[in-house]
Structure formats: C-alpha cells, structure tokens
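Visitor: Single-letter residue listing:
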Amino acid sequence: GAVVSQHPSWVICKSGTSVKIECRSLDFQATTMFWYRQFPKQSLMLMATSNEGSKATYEQGVEKDKFLINHASLTLSTLTVTSAHPEDSSFYICSARDLSGSGRSRYFGPGTRLTVL
Amino acid sequence: QKEVEQNSGPLSVPEGAIASLNCTYSDRGSQSFFWYRQYSGKSPELIMSIYSNGDKEDGRFTAQLNKASQYVSLLIRDSQPSDSATYLCAVNRGDTGRRALTFGSGTRLQVQP
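For the protein sequence lines, the chains are L and H, in the order given.
Going by the numbering used here, the first residue of the first sequence is number 1, and it counts up by one from there.
Going by the numbering used here, the first residue of the second sequence is number 1, and it counts up by one from there.
The shape of chain L in the complex, shown without the other chains:
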C-alpha cells in the first residue's frame, strides 16, 4: 500500500514554543491531506483538511492561528503548533489518499506524539 511518513515521530517541548510536524507521501502525490488528533483512549478527531496550493479548511473549534498548516507541494504538508501548551499534548496523525489508485482508501502516517511540558 501507499506509504505516508511523519517527522518527527515524537517531540517534547517547553510550553510556549512552536513545533513543526511534517507529513510526506513517499510514493504518490496527494492533493489533499488530513490532520487528525487523538487524545488517550479517544478516537481520531479531524483537525483540518490540507489542500495543495490553497488554504486549509479547519474543523469547528480548531484555532487556525494556533495550528498552522502549509501544503506546499503534492507530497508534503506541515502542521505547526504555535505557542504550545500542555493541553496540546496529543498524538497527531496525518492521512493522505493516493489519487492515482482505483480505491478510495486513505493511508495514515505513523503519527507524532507531542508532549508539552
């Protein structure tokens, strides 16, 4: 299946700092990528939809000025958590779809575990 990578796999930062998470589709082009967040023992919650060459679409309740998304190319989307606070500690997962395939499945990256001290 299609491969999606994320970097870093984990990060620990101090409160008030910014953290950038990269999501790459390694063997396919993705015009749309999705960013999810998962708190312990909860399901995945969509944060935003990242569209190549245009602004991201944020879900209700997600602050676009806090979670900056850039989809600069067909293989890379970045999520920047600005002025991170302990309540932002979570598992961040990106997802992308291989448009060249016949299926409609989405593939997930391995996730980035963010811990804000």
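Just so you know, the hints here were simulated from the structure itself, not pulled from any lab data.
Be careful, since some hints might not be right.
Simulated DEER-style distance windows between Cβ atoms [what the hints assert, rightly or not]:
(1) L:Lys66 - H:Gln112: 39 to 45 Å
(2) L:Ala72 - H:Glu15: 47 to 53 Å
(3) H:Pro113 - L:Ser73: 42 to 48 Å
(4) L:Gly53 - H:Gln112: 47 to 53 Å
(5) L:Lys66 - H:Gly9: 46 to 52 Å
(6) H:Ser40 - L:Val3: 17 to 23 Å
(7) H:Gln70 - L:Leu117: 42 to 48 Å
(8) L:Leu117 - H:Lys2: 31 to 37 Å
(9) H:Pro10 - L:Gln29: 37 to 43 Å
(10) L:Glu87 - H:Gln70: 41 to 47 Å
(11) H:Gln80 - L:Asn51: 36 to 42 Å
(12) L:Ser9 - H:Gly59: 42 to 48 Å
(13) H:Ser40 - L:Ser54: 48 to 54 Å
Computed from a predicted model, the values in this text were never measured in an experiment.
Don't be surprised by glycine CBs; every beta carbon is placed ideally from N, CA and C.
Position chain H relative to chain L; hints supplied.
Guide: Here is chain H on its own, set in the frame of chain L:
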C-alpha cells in the same frame, strides 16, 4: 447521536473463534466505509474498505454493509492473539479524496490464547 457509533468493548473471544465487530452510522449519504486496526500507541492501519451492499472478503476478514440499516460490520475468522487491538470504523460521505473520514470511537478486541 454520534455520526459513527461503535461499542467500546472490550470484546473478548478465544483464539480460533470468530470476532464480530459492529458499527452504525447516521448519515444516509455515506458512500465509503472502512475498518482500521489500531495497536496501542500506533496509527491506524487499513484492514478493509467496502462501498456497496453485501459482503466483501479478504483473507480472514469479511466486511458486511447494509446501507438500508446504516450498518457495517467486520468479521474476523480464526482470531489470533495478534488481532488484539482497537478496531475503528470510519465513514465517508462522498468518494472524492477531498473529504475526511469520520471515525467511531473504536472497539477494543481481546483474543485470549
């Protein structure tokens, strides 16, 4: 009412048995349905996708879809301890790549050796 509902479990089955996981969804416009497996601390892994009514089999896994009842299920035959994980049901309204999936809260499966 949640958009995608699953019993949180845990569902406990003995090794070699059939595990049956169920999911209901509220949006009648939904067209694409997926089952993901998630191990603790890992991201979801796609197991099955189904788009039309009926059954779809892949190895030990069978997905069943009933759009009239807004119901989708996953059967795991010959369950193995390695199948122990949380199974997430996900639904998509359209078939374009621009729409994100809506996930259920997941069912935790425990396969007892």
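Visitor: Please go over all the hints and tell whether each is borne out by the structure.
Guide: Okay, the hints, checked on the actual structure:
no., hint, verdict
1, L:Lys66 - H:Gln112: 39 to 45 Å, "holds (44 Å)"
2, L:Ala72 - H:Glu15: 47 to 53 Å, "holds (48 Å)"
3, H:Pro113 - L:Ser73: 42 to 48 Å, "holds (47 Å)"
4, L:Gly53 - H:Gln112: 47 to 53 Å, "holds (51 Å)"
5, L:Lys66 - H:Gly9: 46 to 52 Å, "violated (34 Å)"
6, H:Ser40 - L:Val3: 17 to 23 Å, "holds (22 Å)"
7, H:Gln70 - L:Leu117: 42 to 48 Å, "holds (44 Å)"
8, L:Leu117 - H:Lys2: 31 to 37 Å, "holds (33 Å)"
9, H:Pro10 - L:Gln29: 37 to 43 Å, "holds (40 Å)"
10, L:Glu87 - H:Gln70: 41 to 47 Å, "violated (35 Å)"
11, H:Gln80 - L:Asn51: 36 to 42 Å, "holds (40 Å)"
12, L:Ser9 - H:Gly59: 42 to 48 Å, "violated (29 Å)"
13, H:Ser40 - L:Ser54: 48 to 54 Å, "violated (36 Å)"
Hints 5, 10, 12, 13 from the list above are not met by this structure, while the remaining hints are.
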